[in-house]
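Undergrad: With these hints in hand, go ahead and build the complete structure from the sequences.
These protein sequences, in sequence, are chains A and B.
Following the working numbering, the numbering of the first sequence begins with 1 at its first residue and continues without gaps.
Following the working numbering, the numbering of the second sequence begins with 1 at its first residue and continues without gaps.
These are computed hints drawn from the structure, not numbers from a lab.
As a list, the in silico DSSO-like pairs of lysine-lysine whose alpha-carbon atoms are at most 30 angstroms apart:
1) A/Lys33 with B/Lys101
2) A/Lys188 with A/Lys215
3) B/Lys30 with A/Lys101
4) B/Lys101 with A/Lys117
5) A/Lys101 with B/Lys33
6) A/Lys101 with B/Lys101
7) B/Lys117 with A/Lys101
8) A/Lys21 with B/Lys101
9) B/Lys101 with A/Lys114
10) B/Lys101 with A/Lys30
11) A/Lys23 with A/Lys33
12) A/Lys101 with B/Lys21
13) A/Lys101 with B/Lys114
14) B/Lys215 with B/Lys183
As a plain string of letters, each chain reads:
Protein chains: 2
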Amino acid sequence: MRILHHLWLSPLSRKVRLILKEKSLDFEMKIEKVWERRPEFLALNPACEVPVLVEEDGTIIADGNVIAEYLEEVYPERALMGTTPIERAETRRLIAWFDQKFNREVTANLVEEKMMKRFLGFGEPNSAAIRAGYQNIHYHLDYISYLIERRGYLASDSFSLADIAAASHLSCLDYLGDVPWEKHEPAKQWYARVKSRPSFRPLLTDHIPGASPPKHYADLDF
Amino acid sequence: MRILHHLWLSPLSRKVRLILKEKSLDFEMKIEKVWERRPEFLALNPACEVPVLVEEDGTIIADGNVIAEYLEEVYPERALMGTTPIERAETRRLIAWFDQKFNREVTANLVEEKMMKRFLGFGEPNSAAIRAGYQNIHYHLDYISYLIERRGYLASDSFSLADIAAASHLSCLDYLGDVPWEKHEPAKQWYARVKSRPSFRPLLTDHIPGASPPKHYADLDF
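TA: In structure tokens:
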């Protein structure tokens, strides 16, 4: 069986889970406590980061973005990046927007400060970082609304890996109750559509011991 | 004419310059002072980062990694990522290693602290960050040596985008005289080979006003 090494609130792990589901590929998940730096896991990925995908034949693919490109090449029946080089460039631009810019400006400031530090005993959260995260998220939700009002989905009028990348980050923040949906109606409508997809359902049943999500997290009509 | 919007010590801009040269594609360069946040440039790339490539027909491609994938798709004659999905996954893994991990642990600590802060008047360099950069670079040069001794080039026995990504970062650091080559002989031999390629020559003539490179920077036999 294909194995995905992951962490619960890792947006890149969620991205790969969604891709695998969208492409109807079976897999098992294994939690990897990357901070333990297990030699067996370092042998899979010397960068010691999740996600890592191990195919049934033993092929090891490390790094969320690399896994996404690999799955798109090897299982192209359900294409998630667009059909022309220009469409794929726009999809990839938005993937980079969320996995890098949004991650740096929002996810790292909220998920890492509020959850990872607490679970790993890395000391008090940095309140200036948390404030920055709360402030920055509005700009990104505005950008989602701007794109949605022009295109239907983020990269084009079709659901794509850009939507998956954005929703992976937002679902982690939504688990913390940290997304001000009420002030961003078009973005909220878009997220409701993404959240209703069958591929999304397993994410909504995630439960981290000692840190329950707010009631609206699993609610499709939030 | 194809235009590349770039900055001198931006590793991602250098990466695209090298790819364009390797693929024998003509281009002009325009410096973009991204910190000025020009509306005309924001219209090209709302993330306001270099590099941005504008093709002769007006097609705009933003983000160093997105440009690399786009050029590989549209100009495949000189393939730089490998020929099978698994080879491409290994090339992409190493590109991510250098553009993200190396960038965070070394380039940001040295190039941004020592050069960008100084030129932009953002205050004194952070000496703890600079010390961390000097310390971290050894681990990465060891990793390059480890790979080279097994494969010839970083991702396989052929020159690829992984070599281009790594050399783009190292050439910025070498411009500052910050690469301890003498302690990492296999990595040094590899860099000498990469530096000798015709595609690399234009980078060696870069001269930033007020910040000359050390004498060995342009020396192929350093």
